[in-house]
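Q: As a plain string of letters, each chain reads:
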Amino acid sequence: NAGVMQNPRHLVRRRGQEARLRCSPMKGHSHVYWYRQLPEEGLKFMVYLQKENIIDESGMPKERFSAEFPKEGPSILRIQQVVRGDSAAYFCASSLLAGGPDTQYFGPGTRLTVL
Amino acid sequence: DAKTTQPNSMESNEEEPVHLPCNHSTISGTDYIHWYRQLPSQGPEYVIHGLTSNVNNRMASLAIAEDRKSSTLILHRATLRDAAVYYCILQGNTGNQFYFGTGTSLTVIP
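These protein sequence lines map, in sequence, to chains A and B.
Numbered per the numbering used here, the first sequence finishes at 113, counting up by one with no gaps.
Numbered per the numbering used here, the second sequence finishes at 146, counting up by one with no gaps.
Bear in mind the hints are in silico, worked out from the structure with no lab data behind them.
Interface residues of chain A toward chain B, partial, derived using beta-carbon atoms under 7 Å:
| id | residue |
| --- | --- |
| 1 | Gly40 |
| 2 | Leu41 |
| 3 | Phe43 |
| 4 | Tyr46 |
| 5 | Phe89 |
| 6 | Pro99 |
| 7 | Thr101 |
| 8 | Phe104 |
| 9 | Gly105 |
| 10 | Pro106 |
| 11 | Gly107 |
All residues carry an ideal CB built from backbone N, CA and C; glycine is no exception.
My request is simple: use the sequences and hints to build the entire structure.
A: Right, here's the structure in full:
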């Protein structure tokens, strides 16, 4: 059973470009979460999605960031017009059930570098 | 968000037990206590979780105080592969997202 997959693992963008991060949850999981980790810090929750629905986006910046989890295909975190402060590791997690105490399984992350 | 407090760093000798503490004095009655760890350049990995009773699994044990305001993750015999940042996380039954603190960076000395 493959784990959570994220790609690309490393992404380099110049300021003003767009970054697209993809996450394929574990088989059978319909709940996806995105977290951001700045250097030397803990993970910060961004958004929680179920298939075709955004459930909670309270941790996501209001501008330039968007997320989707279509009926078919991976979840996408999209960052438009990237700035240097967007440089971070972005982790995706998936879970089988909603609410505690379901375990979240994390992917290996995408490390975004903005030049 | 319910808050957790952990020491920034701890050290342990290889093959000795390690007790990683976590304070969560604002925990509510329905919050679950989760522990995850993050190895360098990897995503967080599930370790253990509990609600009120102590829990054991193949990786670790979780000791929860009677008033639930603190808990301790116990690694029975630390190995070099256990060197990681350990996060104590509270999760309510109406919320799905995890709120990570700064965690405890565990160094295992050969």
